[in-house]
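As you go down the protein sequences, you meet chains A and B in turn.
Quick note on numbering: numbering that gives the first Met the number 0 labels position 305 of the first sequence as 304, and the sequence is numbered without any gaps.
Quick note on numbering: numbering that gives the first Met the number 0 labels position 80 of the second sequence as 79, and the sequence is numbered without any gaps.
Check each hint, because a few of them may be wrong.
Stated by the list, open to error - For lysine-lysine, the following PhoX-like pairs were computed, each having C-alpha atoms within a straight-line distance of at most 25 Å:
id, chain 1, residue 1, chain 2, residue 2
1, A, LYS130, A, LYS366
2, B, LYS177, A, LYS4
3, A, LYS94, B, LYS177
Hints listed in this document are in silico derivations from the structure and should not be mistaken for laboratory results.
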Amino acid sequence: MIPLKSRLAGQGQGRRFDTNDAVDFVVIGSGTAGGSVARELTRLGHNVVLIEQGKTYTRADFQHDELAIVLNNQYANTPPAHIQTWRKTPDAKAKPRHYLLYANAVGGSSMHYAANYWRFRPIDFNEFSLKGGVPGAAMADWPITYDELEPYYTAVEWAIGVSGRGGVDPDEGRRSRQYPLPPLDLTGPGVLLEIAAKKLGWRALPAPMAIASRPYKGREGCHNCGFCWNFPCEWGAKSGTNFTMVPEALASGRCELRTECKVRMVETDDRGRVTGVVYFDRDRREVRQRARAVFLCANGGETPRLLFMSKSSRFPDGLANSSGMVGKHLMFNGNTGAAGEFAHEVNGYKGAPVTRIVLDTYDLHDKGHYGGGGFDFRYPFPPVLSALNMPPEGPQWGSAFKQTLRRLHTRISHCWGHTSQLPVATNAVDLDPEATDSWGLPAIRVTYKEHEADLRMYQYMFDRGVDLLKAAGALRTWGEPPGDDPGVGVHLLGTCRMGNDPGESVVDKFHRAHDVPNLFICDGSSFVTSGRGQPTMTIMALAFRAAEHIGRFARRGEI
Amino acid sequence: MPDSFSRREFVAAAGSLGAIWLLADATERGEAVDHAAHQVTQAQPALSVLTPEQAAEVEAFASRIIPTDETPGAREAGVVYFIDRGLATWAKDQQPIFMEGLTKLSADVGAKVRGQTRLSGLTPAQQDDVLRSIEQTPFFGAMRFATLAGMFSLPSYGGNRDFAGWKLVGQESAMEFKAPFGWYDQPANRRALLGGDA
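Same shape as in the complex, but just chain A (with noise of 0.2 Å):
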């Protein structure tokens, strides 16, 4: 067992690779799914090289810094080094703007994330086939189904430490096993959403979260410190990869992490076989790795990006895009919010930052909407946030404002709604023709408008999120629903996705490229379609289950 101590520390680099030596695998991208990967490999034997763009950050660095850690995104991936455009619609021109926002370090977004880790449910596999599809929208059915991932999601939970309790719900997906952990201690927000689920009929439910409730494998059960959404665990209690998956890797002896390393390709031979890929070091040299096979896990935004950059004379459209698909169906799940005050102390900035769920919406078909979506009541905001979030009505400054702070600040819960997006063949990632980050490689440029159906759909849930705080006693409420911008995108999904048919999908039911016998990638791009809006866990369960089928395909010489 690794100690928490190492495990804060981070683990170093690990064994050392010859970059002239073919290794078994470079795994690009340590995060959900590049962390997990590589554990998963070595775990079967297989020698990898981890190749992430962002350093590590340990215990040192987490601290309950608001101003570093969210307000000038300390971890995230942000201008001058890294640059991205947008444009609402393909014939217009895009212009500075940065759209997908990840965090730039070992764990990827897994080491800051909120750690919401639902399943998903055997509809989001086939809600084509089950429900039909929209006009202006490309929706397919999974070429997997729930019960074929469930052994992985039950793998994962078991792996990292989640917390939860299963059988509650009716309407979940089959369970072969309890979570490992309890539900994390409920807090005033978590109790105020089972009050207003009780009012309207519906059921509230222990959250399930990949943050340890109880000392797990070496590392610290929650301490309730209440800086969790968007902060690193100064306990390592929360379940990302740079706390679980990454360690272990480097500890099986057969991994080395390389840090603050870009990928800037990936090289292929004449046969159409990947050979390894050329990244800048962290003093910016260029460095060329061998290797049998390529895992791409840089997530939605980055690794279409790698895959255009990688174009060739005979991959003309980029790597692995001879159907076209890649950087498609670019996706972030709807998110709508409303705040509530209520009459007493909530203090939800103590505890984890959910604790019940309501998906009592997650299937609205029969509402006249198509997919739908999930409820959590939760803190609002650490301090600066909280206080630059107070009800739009009413003095915003001077002795009024003062009250309002000190009244309002721990007798507020926010309502979030979570919901499923429409995959849009318009809206996606390439490169833009002119934009070029620090490293000279061309920008991210994202092309991003919401389907008309979600945005019907997400004015639902605003509607439906106030409800539950009013359920909840709230005195009054406010916020307001999401418009056609969403102005950030935080999960990044679709944009390479699975499929049966080559012509259609990028990869397939075990992400292999169509293309490229020995490039696999996985990550949220492998998503058809968008879950309802905690997408870490099914990206965690494919990299573990891509992991297993690649790994044995590749001890039998079949890649």
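Since chain A is already given, all that's left is putting chain B on it; use the hints.
Chain B in isolation, oriented as in the chain A frame:
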């Protein structure tokens, strides 16, 4: 941060200053943050960017955003030092909006109170009159944002002295809390509200 609502809300609320602070360079920001943290170890706060006269104006302004009453306000929390340090480091790009805003403020003061040029020389009621007259300007938005950021960021950045801001809003600073955390999750209250479902 798998939740976009907050960021959207935040960017909307923060206005131009916040949006640009969000997009500061990572390397420079890291150095700036280190620098800022180093600065706070000085026994006497020193000004880096603002002149003493400008600092008096900024402090007077911030003190009307979060006034002093029976509890400390922006003045006692040291918000002016937070703003000065920010303008020297992570929010260096924002110097023009503050400098131009402060220059213009002199005229705004004169327009409200004949013969006066300094906000800090006015009574609180007169100061409020002046601020109401510029409430819709980017400078006011930047000052409001910076005052709240200074009031509630960690004391190591110069403001929120002795956690005055956190104490104001009832946020305890601790690495660990034990349930029950608030009124609703106290078992007796939860039972009363939920009956047999508790």
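Structure-based check of all given hints:
no. : hint                 : result
1   : A/LYS130 to A/LYS366 : holds (13 Å)
2   : B/LYS177 to A/LYS4   : holds (23 Å)
3   : A/LYS94 to B/LYS177  : violated (48 Å)
Violated hints amount to a single one, hint 3; each of the other numbered hints is respected by the structure.
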